[in-house]
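Please build the complete structure, drawing on both the sequences and the hints.
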Amino acid sequence: MKKAYYIFILFLVCVLNYAQTKHTVIKGETLYSISKKYNITSEDILKANPEVKNGVQENSILTIPKSVKNIVSAENVISHEVEAKETLYSISKKYNVSIEDIIAKNPSAKDGLIEGALLVLPKRSNLLPNKDSVIFKKEKVNLFETVNKTRERNLVLLMPFNINRIENDSTKTKIEYLKTDRFLNITLDFYAGALKAIDSAKVLRLPINAKVYDAESSKYSSNVATLIKNNDFSNVDVVIGPFTNSFVELAGQLVDKKTAVISPLTNDVGIGGANVFYAMPNENIQKEKLMSYLKSKSDAIFAIHSSPKSKLNGYFSSNYPEVKSFYFNEKGIFDYLILKSNFQKGKKNFVILDSDKIIQVISVVNNLIKLKKEFDIQLVVIERNDALDFEEISSKNLAALQMLYPSAIRENESIEALNFAKTFKKDNKVQPNQYATRGFDVTFDAILRMCQVEGFIKSAESQISEQIESQFNYSNSNNYGVYMMYYNSDLTIKQAQ
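Heads up: the sequence shown runs through residues 1 to 497, numbered per my numbering.
Rather than coming from a laboratory, the hints here were simulated on the basis of the structure. There may be inaccurate statements among the hints.
To be verified - Estimated spans, in silico, between C-beta atoms of each pair:
hint, residue 1, residue 2, range
1, Q495, T21, 39 to 49 Å
2, N54, A117, 38 to 48 Å
3, G346, N433, 36 to 46 Å
4, E283, E416, 38 to 48 Å
5, P321, S108, 18 to 28 Å
6, L337, A84, 42 to 52 Å
7, S462, K172, 27 to 37 Å
8, E383, I333, 36 to 46 Å
9, T492, S218, 57 to 67 Å
10, T30, E416, 34 to 44 Å
Claimed, not checked - Listed below are the simulated SDA-like cross-link pairs for lysine to any residue, each with C-alpha atoms no more than 20 Å apart in a straight line:
hint, residue 1, residue 2
11, K295, F326
12, K324, S298
13, K258, K324
14, K429, L418
15, K174, K105
16, K258, D268
17, K287, S318
18, K348, Q495
19, K140, K422
20, K422, N433
21, K211, L227
22, K211, N154
23, K309, E58
24, K357, D335
25, K105, I78
From the three backbone atoms N, C-alpha and C, an ideal C-beta is built for every residue, glycine too.
This is how it looks when you write it as structure tokens:
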């Protein structure tokens, strides 16, 4: 028996030593990016390949060690790179796993998360971008058709006007605040849109009561707890605001769990809560919805990064290793011949541009225009940045490349949208900007949902709705309502189907 035990131990040692694979280094790869691709550490690679202690060389072949644990469980785990402000709770909500499961596979996580750290997570069947997930099965509905008018609903707006601070500031007049305080102007614009939604609900004879409180806020403090303590929130159906996730989450903890609390504007990742909802799709959701869209259209997906160290490059390595990444070198030069050699004829070639450097953006756009004569190419960006608006970057070229990007808002020229803009201007003497429209959309959607028989929280679980510019498709507290928008050949922006 003892002999059999030693043979078993010897077998395990052999498996640990020889369970390995080979990797050919491509241009721009680093020890760090390779280690993330295989879910091991840079030290593991160095131990197996001591000759690369001074760096890896293009076309060199590396031995990639794998542990027995990785071999056995590779089909049942995924990796996740910790991003800024993420917590164990937010990651557990995102992947539908328990905090205990995360810590079990990542013991160091119990002491806190470090930005950039790689976590091993158990797979679940309903992760995005799985198309069979509940968020894809829900149907888009007209919520007004099913409103229930038999009882009154109560809405509270917590708006960060900071009136006391303004009135007590002897260094500035109120007019000066209006001219210089961007946050105040965003608040007022959002509030104007919210009031328009409340007025519209009353015209439709929806039985709602609305109250507004000044949620005095600074970067690190708020009077939210005091407001909730000193006022009766027991029969409130929905609270909208404030604008900072941490204060919204605090409100969610202090009010009754049947009261929905909505963070209306920020796209930061929040920690969630059973009754907390984030109306703005966060950056992770927008990236995942974009990648799901691209993969549904073509398997020829490429990325051009300003540097191998870019955050997006790490994201692709961990989550979408099938994306072929290329890089500008240290001198700012890019080899378009290598990129061209990877393009495929007869299918769409998506090129994701990951740079905010104007000279690089100009270079990529101009060269893709040339290559488009031979290949079907579409330019993709994760978000529109200022570099794309630079005067030397032709809008015609962006339209020719049909530049595609994910967005929380759409272009809407419907009769309803035009009527909203017309009546808003009549009431406020100005056209509604993005914050005013957002105020209307979030508030009107909340009103319609709380006027459903099942109330806001249950409605959010089962129904998708669409307002003037925004879609609301809630799952696990987050809004997955993301549009794919692109530059059309006539220089207009259209929604991709």
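Cross-check of the supplied hints:
The hint said 39 to 49 Å for the Cβ distance between Q495 and T21, and at roughly 42 Å that hint holds. Hint check: N54 to A117, Cβ distance near 25 Å, so the stated range 38 to 48 Å is violated. Range check, G346 to N433: Cβ separation about 44 Å, and the 36 to 46 Å hint holds. The hint said 38 to 48 Å for the Cβ distance between E283 and E416, and at roughly 29 Å that hint is violated.
Separated by about 24 Å at the C-beta atoms, P321 and S108 satisfy the suggested range of 18 to 28 Å. The supplied range of 42 to 52 Å is broken by L337 and A84, whose beta-carbon atoms lie about 36 Å from each other. Against the hinted window of 27 to 37 Å, the Cβ-Cβ separation of S462 and K172 comes to about 48 Å, which falls outside the hint. Take E383 and I333: their Cβ atoms lie about 25 Å apart, and the range 36 to 46 Å is violated.
For the pair T492 and S218, the beta carbons lie near 41 Å from each other, so the given range of 57 to 67 Å is not met. For the pair T30 and E416, the beta carbons lie near 51 Å from each other, so the given range of 34 to 44 Å is not met. Note on K295 and F326: the hinted pairing holds, with a Cα-Cα distance of about 19 Å set against a maximum of 20 Å. A hinted pair counts as satisfied when its Cα atoms are at most 20 Å apart, and K324 with S298 qualifies at roughly 13 Å.
With a C-alpha separation of about 47 Å, the suggested pairing of K258 with K324 is violated against the 20 Å cut-off. Our distance criterion of 20 Å between C-alpha atoms is met by K429 and L418, whose separation comes to about 15 Å. For the hint pairing K174 with K105, the CA-to-CA distance comes to about 55 Å; that exceeds 20 Å, so the pair is violated. The suggested pairing of K258 with D268 is violated, with an alpha-carbon distance near 24 Å, which exceeds 20 Å.
Between the alpha carbons of K287 and S318 the distance comes to roughly 13 Å, so the proposed pair stays at or under 20 Å and holds. Simply put, K348 and Q495 have alpha-carbon atoms about 18 Å apart, close enough for the 20 Å limit, and the pair holds. With a CA separation close to 26 Å, the supplied pair K140 and K422 exceeds the 20 Å bound. Of the pairs offered as hints, the one joining K422 and N433 holds, with about 13 Å between alpha carbons and a cut-off of 20 Å not exceeded.
Restraint check: the Cα-Cα separation between K211 and L227 comes to about 12 Å, which is no more than 20 Å; the hinted pair holds. With a C-alpha separation of about 8 Å, the suggested pair K211 and N154 falls inside the 20 Å cut-off, and the hint holds. Restraint check for K309 and E58: satisfied, since their Cα atoms lie roughly 16 Å apart, inside the 20 Å limit. The suggested pairing of K357 with D335 holds, with an alpha-carbon distance near 17 Å, which does not exceed 20 Å.
Simply put, K105 and I78 have alpha-carbon atoms about 11 Å apart, close enough for the 20 Å limit, and the pair holds.
In terms of the numbered hints stated before, the structure departs from hints 2, 4, 6, 7, 8, 9, 10, 13, 15, 16 and 19, listed from lowest to highest.
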